[in-house]
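Trainee: Here are the chains, one letter per residue:
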Amino acid sequence: MQPSARNPERTERYIALIMVLGIAGCIGFGWAYWVNAEPWILGATLGAGALLLGFGVTAWGKYLMPRGPFVEERHDLRGTDVERERFAAAVVQRGGGILGRRPVLAGIAGFGMAAFGVVLAFPLIRSLGPLPKKTLTETDWKYGTYLVDSTGRPIHVDDLAVGGIVTVFPKGYQDTEKGQAVDQSVLIRLSTTPVITQPGREKWGPAGYVAYSKLCTHLGCPVGLYEQQLEQLVCPCHQSMFNVNNGAVPNFGPAPRPLPQLPLFVDGRGYVRARSGFNQPVGPGYWERS
Amino acid sequence: MSTTTNENASKGSPASAFGPVGKALNELDDRLGVAKGGRSLLDKIFPDHWSFMLGEIALYSFVILLATGIFLSLFYIPSQEIVVYHGSYAPLRGQHVSAAYASSVDLSFAVRGGLLMRQMHHWACDIFVGAIVVHMARVFFTGAFRKPRELNYSIGLVLLILAIGNGFIGYSLPDDLVSGTGIRIAFSITESIPLVGTYMSFFLFGGNFPGTAIIPRFYTIHVLLIPLIILGLVTAHLFLLVRQKHTQFPGKGRTEKNVVGAPMVPVFAAKATGFLFMVTGVTALLGGLAQINPIWQFGQYNPSKISYAVQPDWYMGFLDGALRIWPSWEWTGFGYTIPMEVFIPAAVLPGIIFGLCFAWPAIEKHYTKDAAMHNLLDRPRDRPKRTAFGAAFLAFLGMLFIASSTDVLANFFHVSLNTVLWAMRVLVVVVPLIVYPLTLKICQELQAVPDAGKRKRSNVVTRTATGEYLATPAAERPGDSHEELDAEPVPDFIDFEGPPADPENPGVRQVNR
Numbered sequence: 001m002q003p004s005a006r007n008p009e010r011t012e013r014y015i016a017l018i019m020v021l022g023i024a025g026c027i028g029f030g031w032a033y034w035v036n037a038e039p040w041i042l043g044a045t046l047g048a049g050a051l052l053l054g055f056g057v058t059a060w061g062k063y064l065m066p067r068g069p070f071v072e073e074r075h076d077l078r079g080t081d082v083e084r085e086r087f088a089a090a091v092v093q094r095g096g097g098i099l100g101r102r103p104v105l106a107g108i109a110g111f112g113m114a115a116f117g118v119v120l121a122f123p124l125i126r127s128l129g130p131l132p133k134k135t136l137t138e139t140d141w142k143y144g145t146y147l148v149d150s151t152g153r154p155i156h157v158d159d160l161a162v163g164g165i166v167t168v169f170p171k172g173y174q175d176t177e178k179g180q181a182v183d184q185s186v187l188i189r190l191s192t193t194p195v196i197t198q199p200g201r202e203k204w205g206p207a208g209y210v211a212y213s214k215l216c217t218h219l220g221c222p223v224g225l226y227e228q229q230l231e232q233l234v235c236p237c238h239q240s241m242f243n244v245n246n247g248a249v250p251n252f253g254p255a256p257r258p259l260p261q262l263p264l265f266v267d268g269r270g271y272v273r274a275r276s277g278f279n280q281p282v283g284p285g286y287w288e289r290s
Numbered sequence: 001m002s003t004t005t006n007e008n009a010s011k012g013s014p015a016s017a018f019g020p021v022g023k024a025l026n027e028l029d030d031r032l033g034v035a036k037g038g039r040s041l042l043d044k045i046f047p048d049h050w051s052f053m054l055g056e057i058a059l060y061s062f063v064i065l066l067a068t069g070i071f072l073s074l075f076y077i078p079s080q081e082i083v084v085y086h087g088s089y090a091p092l093r094g095q096h097v098s099a100a101y102a103s104s105v106d107l108s109f110a111v112r113g114g115l116l117m118r119q120m121h122h123w124a125c126d127i128f129v130g131a132i133v134v135h136m137a138r139v140f141f142t143g144a145f146r147k148p149r150e151l152n153y154s155i156g157l158v159l160l161i162l163a164i165g166n167g168f169i170g171y172s173l174p175d176d177l178v179s180g181t182g183i184r185i186a187f188s189i190t191e192s193i194p195l196v197g198t199y200m201s202f203f204l205f206g207g208n209f210p211g212t213a214i215i216p217r218f219y220t221i222h223v224l225l226i227p228l229i230i231l232g233l234v235t236a237h238l239f240l241l242v243r244q245k246h247t248q249f250p251g252k253g254r255t256e257k258n259v260v261g262a263p264m265v266p267v268f269a270a271k272a273t274g275f276l277f278m279v280t281g282v283t284a285l286l287g288g289l290a291q292i293n294p295i296w297q298f299g300q301y302n303p304s305k306i307s308y309a310v311q312p313d314w315y316m317g318f319l320d321g322a323l324r325i326w327p328s329w330e331w332t333g334f335g336y337t338i339p340m341e342v343f344i345p346a347a348v349l350p351g352i353i354f355g356l357c358f359a360w361p362a363i364e365k366h367y368t369k370d371a372a373m374h375n376l377l378d379r380p381r382d383r384p385k386r387t388a389f390g391a392a393f394l395a396f397l398g399m400l401f402i403a404s405s406t407d408v409l410a411n412f413f414h415v416s417l418n419t420v421l422w423a424m425r426v427l428v429v430v431v432p433l434i435v436y437p438l439t440l441k442i443c444q445e446l447q448a449v450p451d452a453g454k455r456k457r458s459n460v461v462t463r464t465a466t467g468e469y470l471a472t473p474a475a476e477r478p479g480d481s482h483e484e485l486d487a488e489p490v491p492d493f494i495d496f497e498g499p500p501a502d503p504e505n506p507g508v509r510q511v512n513r
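These protein sequence lines map, in sequence, to chains C and G.
All the letters of the first sequence, read from the start, carry residue numbers 1 to 290 under our numbering.
All the letters of the second sequence, read from the start, carry residue numbers 1 to 513 under our numbering.
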């Protein structure tokens, strides 16, 4: 029955002191809250108060309460054999037996419940969102679309110095959700001109400008880092790297595909515009993507 | 029925030797019949071991999560509607932000105590998941999952998965740049599931990413759906714990048929109450002194913007690491695509990890042919293969976790990202393969040393005049001998003090530890 403290009176004094300090902490929190003190003072007072109070109560339990040890019997959870038999008999006979006696009714009831569940789930799931249809494959880029920056200003051929990069959107879509989430692209000015990144793309990179979809083909993060010296686009999420000189073919990391390239032309007034949309869906892979 | 029952009933409320409280309890017993069960509940024995408090930490941090979460929900606005910020955080004034982000910033700065509550909530979540994982490791390594506790083990695993999921959903709610990127990744992972992926992601997000539905939906899931399920499962977890009684380590007087320890009232109640306060205190200290998730520095989420060196909360790290080191193996054919570079590390791998956890009791039963009831725990060293497997498993997860910061590691150690990536690809496989035999060997060696882990008696080393060293056992100090007392049933009346052992000095008691 004895407590485990060797000197209970002394232990009691210590615990009392700790708990009084804890109360002081709690009162301090009340004061700090009242005067709207800094958050760190709120946390320090509340934390110290609760910690010391809790420590005191725990120590009281550990050192000053009867420590036993006490013992309790563990009773078998299982019933007797007879009880088990009777239970099983009731389940099998009343449950299974009733169903087996009227198999047609049982079948109809089971089918009915299943149908009820299925039709209930249908509207629940279907109402949650539209079918994907073409939203995953279409962007707002088409022939002649102006490339604009996030403020909506069209990009002129003189805007970027060699090595410069800017995030571009189709004109009119720079503030829209789809523009920012799907159409977003990066425009980079390289030293070579024109930039021929792949065979068949001879006219896609006029005046040293190349544009790629900014959506990483791994998980759709914006490919927001540009290593100017290496001419690599880097995705900060999982470090996929894309060489902008050869069609953004990934040369490092988990991205499986090149970033789709946006064909460009420079119009008579010197504005950079899209020659067409992307020739493939942008962003990460999915089942229906061919 | 017997006449005595009728007599008692006709007397109305019988008086009690224990005053008004006793009388009130009698009234309660008249109506609900609580006396018998109540007494045995108060006498209920909880075995004493430091490792049994790990689950308690999880429970108490869940309580803190509920309390702070209710506070936050009073100020947070779950809406992606774009508003012009006019709040108290000056750098953001005049900017277009979502109502969710604006309210998250404002509840941090404009609401008194709001930042403390938000940071406590975030810290409590990290502690919650951490405590569950460590608690589960304790259950695993000591064999507490064996019959009859397989069901409770499975409930615990479901709780872990729910906690991880709700943690992810919760830190997405502020709609800041970092968490928004996490939601983008979640969309892409859902999209990667063959056949149904695009439909699932569109149904979850109410359309293509980002849409305007995900924050309100995450809010409902985060504050209503998952907490309710967690609450129900925690109740079931504790009910099964009471019903099956706690396991205990072997020791003097401890058998498969009894429980030795401290009674619910007063000892366990005092320790548990105090511990709840201590966990609250530590969480408050962390919430007040250690900054976590400073969303005002990240800014409003915008799908075309991104931040560098961004890691998710720690419990998502293993997934992020797996996504980083898995090779870019996309499969295409027959007009369809399976993004294996996403689907395998982010969907199949966690399926295997948790599937293995769920299946472990059955796997072990299959190999040991052990179908007996177990209430006494194993020492990990006595089950070398299980311990070695668990250690290798944790090493595997640990390596995946480290792999989630390849970019940070490359910067820190000034090595190329390529080196770090390949190092992690190798280490994820090699480290578990080293850890397994190493742990196995350590366990077997420890088994061979009977007194390993026991307290050692100290020696006094003296140097003689001739330069020899002599070691003589030191005199025994109080507490050196570790003799355990005989356990006894909880008596009706606990004599709190007992007779002083030393009549000369009544304040000081001799104690056999």
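Worth double-checking, as some hints may not be accurate.
[As the list claims (entries may be wrong)] Residues of chain C placed beyond 12 angstroms of chain G at every Cβ, according to the derived structure:
| id | residue |
| --- | --- |
| 1 | Ala37 |
| 2 | Gly49 |
| 3 | Ala59 |
| 4 | Val82 |
| 5 | Leu105 |
| 6 | Val118 |
| 7 | Leu190 |
| 8 | Pro222 |
| 9 | His238 |
| 10 | Asn279 |
| 11 | Trp287 |
[To be verified] To give a feel for the contact side, a few chain G residues facing chain C, derived at Cβ under 10 angstroms:
| id | residue |
| --- | --- |
| 12 | Asp29 |
| 13 | Arg31 |
| 14 | Pro327 |
| 15 | Lys369 |
[Unchecked claim] Just a sample of chain C residues kept apart from chain G, beta carbon distances all over 10 angstroms, derived:
| id | residue |
| --- | --- |
| 16 | Ile98 |
| 17 | Ala114 |
| 18 | Pro130 |
| 19 | Gly152 |
| 20 | Gly172 |
| 21 | Pro236 |
| 22 | Pro284 |
Simulated from the structure, these hints should not be mistaken for lab results.
Built from N, CA and C at the ideal position, the CB exists for glycine as well.
Trainee: Each hint needs a verdict: does it hold in this structure or not?
Mentor: Tested hints:
Interface exclusion of Ala37(C) from chain G breaks down, the closest Cβ pair being 9 angstroms apart, not more than 12 angstroms. With 12 angstroms as the threshold on Cβ separation, the claim that Gly49(C) sits away from chain G is violated: the shortest Cβ distance comes to roughly 7 angstroms. For Ala59(C), the shortest C-beta to C-beta distance to chain G comes to about 7 angstroms, within the 12 angstroms cut-off, and the non-interface label is violated. Residue-level check passed: Val82(C) sits 21 angstroms from the nearest beta carbon of chain G, beyond 12 angstroms.
Leu105(C), annotated as away from the interface, keeps every beta carbon of chain G farther than 12 angstroms; the closest lies near 33 angstroms. In this structure Val118(C) is separated from chain G by more than 12 angstroms, as the shortest Cβ-Cβ distance comes to about 16 angstroms. The Cβ of Leu190(C) lies farther than 12 angstroms from every Cβ of chain G, with a closest approach of about 22 angstroms, so its non-interface assignment holds. At the 12 angstroms boundary, the C-beta of Pro222(C) falls inside the reach of chain G, the nearest C-beta of that chain being 5 angstroms off.
At roughly 5 angstroms, the least C-beta separation between His238(C) and chain G is not larger than 12 angstroms, which violates its mark as non-interface. Every C-beta of chain G lies more than 12 angstroms from that of Asn279(C), the closest at about 16 angstroms, which supports listing it as non-interface. A Cβ of chain G approaches the Cβ of Trp287(C) within 12 angstroms, the least distance being about 5 angstroms, so the stated non-interface status is violated. Interface restraint check: Asp29(G) against chain C, minimum CB-CB distance 22 angstroms, threshold 10 angstroms, status violated.
The restraint placing Arg31(G) at the interface with chain C is violated, with a minimum CB-CB distance near 27 angstroms, outside the 10 angstroms limit. Restraint check, Pro327(G) versus chain C: the minimum CB separation of about 7 angstroms is within 10 angstroms; hint holds. For Lys369(G), the shortest C-beta to C-beta distance to chain C is roughly 21 angstroms, which exceeds 10 angstroms, and the interface hint is violated. A cut-off of 10 angstroms between C-beta atoms confirms that Ile98(C) is not in contact with chain G; the least separation is 28 angstroms.
At roughly 20 angstroms, the least C-beta separation between Ala114(C) and chain G is larger than 10 angstroms, which holds for a residue marked as non-interface. At roughly 6 angstroms from the closest C-beta of chain G, the C-beta of Pro130(C) falls inside 10 angstroms, breaking its exclusion from the interface. Every beta carbon of chain G lies more than 10 angstroms from that of Gly152(C), the smallest distance being close to 14 angstroms; the non-interface claim holds. Distance check on Gly172(C): its Cβ is at least 15 angstroms (rounded) from any Cβ of chain G, clearing the 10 angstroms threshold; non-interface status holds.
The beta carbon of Pro236(C) sits about 5 angstroms from the closest Cβ of chain G, which is not more than 10 angstroms, so the claim that it is off the interface is violated. Taking the minimum C-beta to C-beta distance to chain G, about 4 angstroms, the non-interface status of Pro284(C) is violated against the 10 angstroms cut.
Violated hints, in rising order: 1, 2, 3, 8, 9, 11, 12, 13, 15, 18, 21, 22; the structure is consistent with all others.
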